[in-house]
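Top to bottom, those sequences are chains S and E. In this text, residue positions in the first sequence follow my numbering: the first is 562, and each later residue adds one. In this text, residue positions in the second sequence follow my numbering: the first is 5, and each later residue adds one.
It is worth saying that the hints were derived from the structure and are not from the lab. A couple of the hints might just be wrong.
Stated by the list, open to error - Per label pair, the in silico range of CB-to-CB distance: (1) E:Glu121 <-> S:Lys867: 56 to 64 Å; (2) S:Met812 <-> E:Ala142: 49 to 57 Å; (3) E:Pro47 <-> S:Ser575: 29 to 37 Å; (4) S:Lys867 <-> E:Gln17: 36 to 44 Å; (5) E:Ala142 <-> S:Lys577: 47 to 55 Å; (6) S:Val960 <-> E:Pro47: 37 to 45 Å; (7) S:Pro884 <-> E:Pro47: 50 to 58 Å; (8) E:Gly205 <-> S:Ser575: 28 to 36 Å.
What the hints assert, rightly or not - Facing chain E, a subset of chain S residues (Cβ under 8 Å, in silico): (9) Thr655; (10) Asn659; (11) Lys660; (12) Gly663; (13) Gly675; (14) Ile848; (15) Gln852; (16) Met866; (17) Ser872; (18) Thr878; (19) Gly881; (20) Thr883; (21) Ile891; (22) Leu895; (23) Ala898.
Since the structure is predicted, the reported quantities are computational estimates derived from the model, not experimental observations. Every residue, glycine too, gets a C-beta built ideally from N, C-alpha and C.
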Amino acid sequence: MAAEIRTSDGELLSVKLKKVERRRRTTAFLLAAPLLFFIVFAYVIPIFQMLGRSIDNAEMNSFLTETHEVMQTWDGSEMPGEDVTSTFYYELKTAVENKYHGKIATRLNYEKGGFTSLIKKTSRKLKNFDENANFLDQFIDVHKKWGDIEYWQALKRGTDAYHFRKYLTTFDYEQKFDGSIERIPEKLRINVTLWLRTIFVAVGVTFCCFILAYPISHLLSVLPTRYSNLLMICVLLPFWTSLLVRTSSWMVLLQKQGVLNDTLVSLGFVADDSRLELMYNMTGTFIAMTQILLPFMVLPLYSVMKTISPSLMRAATSMGATPFHAFRKIYFPLTYAGISAGSILVFVLAIGYYITPALVGGAKGILISNRIAYHMQQSLDWSLATAMATVLLIAVLVVYWLYNKIVGIDNMRLG
Amino acid sequence: MNSKKSDFVKFEQVDKSYDGKELVVKGLDLDIAEGEFLTLLGPSGSGKTTTLMMLAGFETPTNGEIYFDGRPINNIPPHKRGIGMVFQNYALFPHLSVYENLAFPLKVRKVDKSEIEERINKTLKMVSLTGFENRMPAQLSGGQQQRVAVARALVFDPKLVLMDEPLGALDKNLRESMQYELKHIHESLGVTVVYVTHDQGEALTMSNRIAVFNDGKVQQLSGPNELYETPVNSFVASFIGENNTFTGTVKEIASGSAKIETDSGETIVANPIAVSSSGEKSRISLRPERVSIDPNEQLENKFTSEIREIIYHGDHTRVRVNLLGNDDFILKVPNASSDLKLNVGDKLDLGWSSHDCRALDY
C-alpha cells in the first residue's frame, strides 16, 4: 500500500521532490544549452540537409514539372508522343528564358552521358522551332540523339522528385532503363575497390596503432611521473602541430629523394637506382596515418593501464604464473576497455580520413573520402557524394552499435 | 615436529639499495623457523616491506644471499619460488570471480578439475566464504575481499606465506577479528607466515616472534612478551607500547643495578641494559603500568609528582603528571580503583622497582 507521504510543510513528497529537482535540471540544461544549440544548428541540421541531397531531386523536378507529369503515362517502350515533346519544348523554352537550362543539362548528364551538348544545342536552336509542326521530328532535326529512346527514358527518370540510384552507384551498380539492376562495366568499377581499400586501411592502421601504442602506453603507466610526463609530451606533440604540416613532413621524409631513402642508400641497404616507393601508394598512406592517429590509441590505453595495480601482476607471478601467462590471463584482459575504446576511435577516424591520403596516397592510396571530395568539388555530383557520405556514416554507426553490443559504451574510457 | 628447520628461511648479510646512495636494508641476518609466524614490524621506510619483497622475489638483494628451504633463491624468479602472498590491497583479479581467482594458482600448476574444486571448497570453508564462489571481487566487502586474498594465497598449499599489511585497509573491529582468524588459520595449517605491519598491536597479538625494523636494521628479534617487557634499546622501547623516559648520566654501575643522575639532578636506580660504564649518557625506559601509586612496599625509586591532566579512556584512566622534570610522564590507572580521587594539580607519590626501569642507549 502506497501511503501518501508528505513533507513537513504539508506538500506531497513526490510533488515537492519534483519541484526541487526541477531547478537542478533547469540549471543543468542551461549549462548545456549553448553547446546544444551550436551542435544542432551547426552540425546536425546541415548534415541531414546535406545527406538529404543523396535522394533529393526536387529542384530538377521543379524545372520540368509538367514534362515529368505527362511522362508518367508514357511507358517508355516506344518513342514519346506529341503530348510529351510539346510540354518539354515549352518548359525548356521557359528554362532558356530564365537561364537555368545549363543546370538541367548538367543534371541530365548524370543520368546519361551526352546530355550536356544535347540540351545546349537544342536550347540554341529552340527559337527556330515551328510550334505548329511535329515537335519530335524537329527535336531529331536539331540533334539525332533525340531519336534515341534512351534519352527520353533518361529524361523521364531524371525528373523524379527523389530516387535511390546514387546508392547503387556507390556500390558500382546501375539501374538500366528497363528497371533491372546490374553491375557497371568492369573498367568503370572504382567505388567498391575504394570501399574495400578504405576498410582495409582503417583496420590496418588501427592494428598498427594498437601494436605500437600498447607497449608505450604500458611504459607510460608504470614510469615515475617525471619521466612519464616527458614521454607523454612526446606522444602528444603531434596534437600541437598542424595536420597539414605533419603530412607534408611525411612527404619530405618518404619521397624518392627524401630523407628516409637517402639514409637507406647511404647506409647501403638500398641501391641508388632502386629507391623504395614509399609515397603515392598505400605504404605512404599507412605510415602517415598510423603516426597521426597513434595518440588516439595511446590515450585510452594509458588511462586504463594507469588504473591497473602493479600488485596484480605480482600476485599472479607469486602464484606461479610465468610473466607471459600472467600478462595473457590478467593484464591483457584488464586492458580490453582501453583497447576497444582506442580501436574504435582510430578506426572511425581512419575510415573517414581525407587530407593524408590525398597528399601522400597518390592514385593507389586514395580512400573513399577522397572520392567524396572529388564528387563534391570536381564532378559536382553532390547527390553521389552525399550518398557515399551517408553510407560512410551508417558504417560508422554500425561499428558503434556493434561496439555497444559487445563491449558496452559505458566501458569506454578516453582518458 | 622435531624435523622442523630453524632456518627454513635464511637471510645472510643482505643489503638492498634502490638508488645506489642509501641502503634501505643493511646487513640483514635473519633466520625464520618452519611453521613460525614471524612479523616484521617497523615504521614506514624502515626496510620491512623491502625485506618481504626480496623474499617474494620482486626485488633483488644488492648484496648477500637469501635461502629458502636450504636453497639459495636470489636467482629464482618469483613464479618459481612457490611462495604464497597476500598484498596490501588484496590484489584480487577484478575480472575474475572468487572461484576463478582461487583457481588461478591451481590452473597454473595444472591441477585437475575435480581436485581444483575440492581444494577451493576446502579453502573457502576455512575462511568462511562458502557460497561466494560466483561473486566478483567488487561485489564483496573489504573484509570478504581480504579473506579471498588469504584463501588465494593458501589454496595451492605453499610452505611459506607472505603478508604485506593485509589488514591495513580494514576498520578497527574487523581488523581485530581478522587478526584472530589469521592466527587460527596459521595454527591449524602449520604454514610458515612472514607478516609485515606497522601496527604493534597486530604484531603482538599474532606473532610467535617479532623482528623490529628501524633504519634498515633489525633492532630486536624476540617473542611478543619479551619485546614488550625487555626492549634492548630505546627505539624498541618507544616503538612498542607506551613508554616513559628520563635521560641522564650513569654515576655508579654494579651488576644488575646502576645509579643514574637525571638531567633534573635526581638519582634513579635502574637496570643497566645498554650501559656499561659510569659517565655514559643513558635513556631510562619505564612502562606506565609498572609504576605504583602511593607505594607501600619497599621500592628503590620513590618520588612525588604533580598531576597535569586526566584523560578518561573507558577501561582505564590515563594520568599525565610532572615527574623529575618530565612533563609527559603517563600513568595508567585501572577504572576498578576509581575510589582514588584524582584532581589536576594534586600531588601523587609514585614508586617503581629498579628492575622494571631499564637504562638503555641514549
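Right, here's what the structure says about each hint:
1. E:Glu121 <-> S:Lys867: 56 to 64 Å: For lysine 867 of chain S against glutamate 121 of chain E, whose Cβ atoms are near 36 Å apart, the range 56 to 64 Å is violated.
2. S:Met812 <-> E:Ala142: 49 to 57 Å: Check passed, 50 Å falls within 49 to 57 Å.
3. E:Pro47 <-> S:Ser575: 29 to 37 Å: violated (56 Å)
4. S:Lys867 <-> E:Gln17: 36 to 44 Å: holds (39 Å)
5. E:Ala142 <-> S:Lys577: 47 to 55 Å: Given range 47 to 55 Å: violated, Cβ gap about 35 Å.
6. S:Val960 <-> E:Pro47: 37 to 45 Å: At roughly 55 Å between Cβ atoms, proline 47 of chain E and valine 960 of chain S fall outside 37 to 45 Å, so the hint is violated.
7. S:Pro884 <-> E:Pro47: 50 to 58 Å: violated (33 Å)
8. E:Gly205 <-> S:Ser575: 28 to 36 Å: For serine 575 of chain S against glycine 205 of chain E, whose Cβ atoms are near 51 Å apart, the range 28 to 36 Å is violated.
9. Thr655: violated (72 Å)
10. Asn659: Because about 70 Å separates asparagine 659 of chain S from the closest Cβ in chain E, which is outside the 8 Å limit, the hint is violated.
11. Lys660: Violated: closest Cβ of chain E sits about 69 Å from lysine 660 of chain S, beyond 8 Å.
12. Gly663: violated (65 Å)
13. Gly675: Constraint on glycine 675 of chain S not satisfied, violated at 65 Å.
14. Ile848: Because about 35 Å separates isoleucine 848 of chain S from the closest Cβ in chain E, which is outside the 8 Å limit, the hint is violated.
15. Gln852: With Cβ-Cβ at 32 Å, over 8 Å, it is violated.
16. Met866: Hint violated; methionine 866 of chain S Cβ to chain E Cβ min 14 Å, cut 8 Å.
17. Ser872: holds (4 Å)
18. Thr878: Since the shortest Cβ distance to chain E is 4 Å, the answer is holds.
19. Gly881: holds (4 Å)
20. Thr883: The hint holds - threonine 883 of chain S has a Cβ within 8 Å of chain E, the shortest such distance being about 6 Å.
21. Ile891: holds (6 Å)
22. Leu895: holds (6 Å)
23. Ala898: violated (10 Å)
Violated hints, in rising order: 1, 3, 5, 6, 7, 8, 9, 10, 11, 12, 13, 14, 15, 16 and 23; the structure is consistent with all others.
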